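Visitor: One letter stands for each residue in the lines below.
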Amino acid sequence: MTAIELRGVTKEFPGVTAVRDLDLTVEEGEVYGFLGPNGAGKSTTIDMVLDFVRPTEGTVTVLGRDATADSVEIRRRTGVLPDGFSVYNRLSGRKHVEFAIGSKEVDVAPEAVLERVGLLDDADRKAGDYSKGMRQRLALAMALVGEPDLLILDEPSSGLDPAGAKEMREIVRTEADRGATVFFSSHVLAQVEAVCDRVGILRAGELVAEDSVEGLRETVGGEETLEIAVGGADGDVEAALDAVRDLDGVTRVDRDGDTLVANCEPGAKTRIIGALEEAGVVVDDFRTREASLEDLFLAYTEGEAPDATTDTDGLAPTEADGSPEEVGR
Amino acid sequence: MSLVAVAEKDFHDTVRSRGMLILVALFSLLVAAFAYAVRPAGQGEQFATEVLLSFFVGPFLVTTLVPLVGVVVGYNAVSGERESGSLKLLLSLPHSRADVVFGKVAGRGAALALAVFVGFLLPAAVLIVAPVAFDAGAFLGYTVFAAVLGVVFVAIAVGCSAASRTQRRALIGGVGIYVLFVLLWGAITGQLLGAAEPLIDPLPASSAQVRAFLRVSNPTTGVETLTNAFLAEQLFAGDQVNRQISAASMLVFWTIAPPLAGLWKFDADDL
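Chains A and B, in that order, give the protein sequences. Residue numbering for the first sequence is 1 to 329, as defined by this note's numbering. Residue numbering for the second sequence is 1 to 271, as defined by this note's numbering.
Bear in mind the hints are in silico, worked out from the structure with no lab data behind them. In this text the structure is predicted, and so the values were computed from the model without any measurement. Warning: the hint list may mix true and false statements.
From the structure, some residues in chain B lie toward chain A, with a derived Cβ separation under 8 Å [unchecked claim]:
#	residue
1	Lys9
2	Pro94
3	Asp201
Here are the computed distance ranges between Cβ atoms for each label pair [unchecked claim]:
#	chain 1	residue 1	chain 2	residue 2	range
4	B	Arg18	A	Glu105	47 to 55 Å
5	B	Asp269	A	Glu57	13 to 21 Å
6	A	Val261	B	Asp269	53 to 61 Å
7	A	Glu57	B	Gly141	52 to 60 Å
We put the CB at the ideal spot given by N, CA and C, even for glycine.
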């Protein structure tokens, strides 16, 4: 059985299509990272899975049931950490967890759950006095109540400090080891890279890539990122950049102050340096960074809309067009 | 049961609400002040609890303030959670939207009923101390009717809240409810009745009967009708029994229909 299955799902809001003809399958037991810049349609997709909004077209099936007709039954077996939620300011953390326990009709000690997310000491404080990170932990605690078969975490690391984000990843791991399916959205790839079995990248309401983390790594494996420190010759830099862009094996070049960042095949490095020196740009220093998924992610999410959609096997990152839009649109 | 969990959560949330506490404290003080002010001067004078309640406290305080508390408690029930985002937390748990709406009616209604009982404690103390014939049974019964009135207004306001996309609209709706039922019911239904005269003529009911029915259809008048009958020991008896049954049926109607109508809208909405 699949945990989440979307077939041909489109969601239109007045004046905007948030999700377009989306097919998505999350297998039972896997940790699926759902990536994309803000505004790509991740939250709308999750909202449809939870029946907060209903698709304009297509079907959403969760844990083998229809997302709208059987929503209560689905949520009985699902733990959710929503995005953009707020707590009940007047109620204590313990009351929140007790409410989740009563709602799911399970018999567990609130203390055990609060302990797991590190909130036991603050359990009797009003949740309205909690920090953003503590609220996030509280919602996670509510999601974990009753050992759900499916965990849906929408931007789970927002508001958490690095240590908190690490704990969050550890909890995701533990839940996955227990056998739960984890569906987890983020706009920061680094957060999902470490825990996900499979990653889907959503952009402007469409799935532009979907593969295992290893698969994505292989795709970017042939590329390296070259950071070049250049001094002085400002006037010629733009012309030099164009020359570098025209070289074979160079995917993209960006300028960040006195540093140029180029994505290229390993063999293209000397050609790049050569082209720069030829154009009169002084290369003070350079170093190569290992290719990261982040670069691929940016290529997918910043470039022009891809014409070819989802293809799990033949991943072909779209050409970056050199004028990236803001990620946090 | 899911509805009970929502009701319990909302009960705890509402009894901690400062707005409701302030209103109930104000109500309690006013009723107590009334009881003190209209106490008989002379020692031998007969002055019964019933008289105080049905002639002074009832028309001036209960039918105006209790609906206000009800609207305040109910108007933000669903729309407030929707706007703040706590509705996402609530609906992440296995609750149907129907459980949310009716759980809120139950939880907030219970919180308001409790507040009304507590609010009547201070006046009760004043009445016990004051030289009036204090009838504990009548007083307690009256409190129950006041609580019923509050619950009906909570239900109407929660229904309105469920149908409102924003807090602003819910607030406008809440004010509208109060103005309609507490201030302008007679005028509005009178206008309607005048306009609908040709429609009523062929019906087997006289215009006066329709007018009487419309009067008791207002929950405040309905509760007033029932409490006066209760204080006169004529509840569901005597020559007013039909009117009382109409009043009681309309109270049930107002408790169920507005939340249902609100749910109908809320259930179809994208959140």
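Visitor: Taking 13 to 21 Å as the hint, is the beta-carbon distance of Asp269 (chain B) and Glu57 (chain A) inside that range?
Guide: 19 Å, holds
Visitor: Would the stated hint for Asp201 (chain B) survive a check requiring a Cβ distance to chain A of less than 8 Å?
Guide: Check failed: Cβ of Asp201 (chain B) comes no nearer than 46 Å to chain A, outside 8 Å.
Visitor: Between Val261 (chain A) and Asp269 (chain B), does the C-beta distance stay in 53 to 61 Å?
Guide: Once the Cβ atoms are compared, 46 Å apart, the range 53 to 61 Å for Asp269 (chain B) and Val261 (chain A) is violated.
Visitor: Under the criterion of a CB-CB separation shorter than 8 Å, is Pro94 (chain B) in contact with chain A as hinted?
Guide: 4 Å, holds
Visitor: Starting from the hint 47 to 55 Å, judge whether the C-beta atoms of Arg18 (chain B) and Glu105 (chain A) obey it.
Guide: For Glu105 (chain A) against Arg18 (chain B), whose Cβ atoms are near 32 Å apart, the range 47 to 55 Å is violated.
Visitor: Does the Cβ distance between Glu57 (chain A) and Gly141 (chain B) fall inside 52 to 60 Å?
Guide: 58 Å, holds
Visitor: Next item in the hint list is Lys9 (chain B). Is there a CB on chain A closer than 8 Å to its CB?
Guide: 5 Å, holds
Hint check: violations occur at hints 3, 4, 6; the rest are consistent with the structure.
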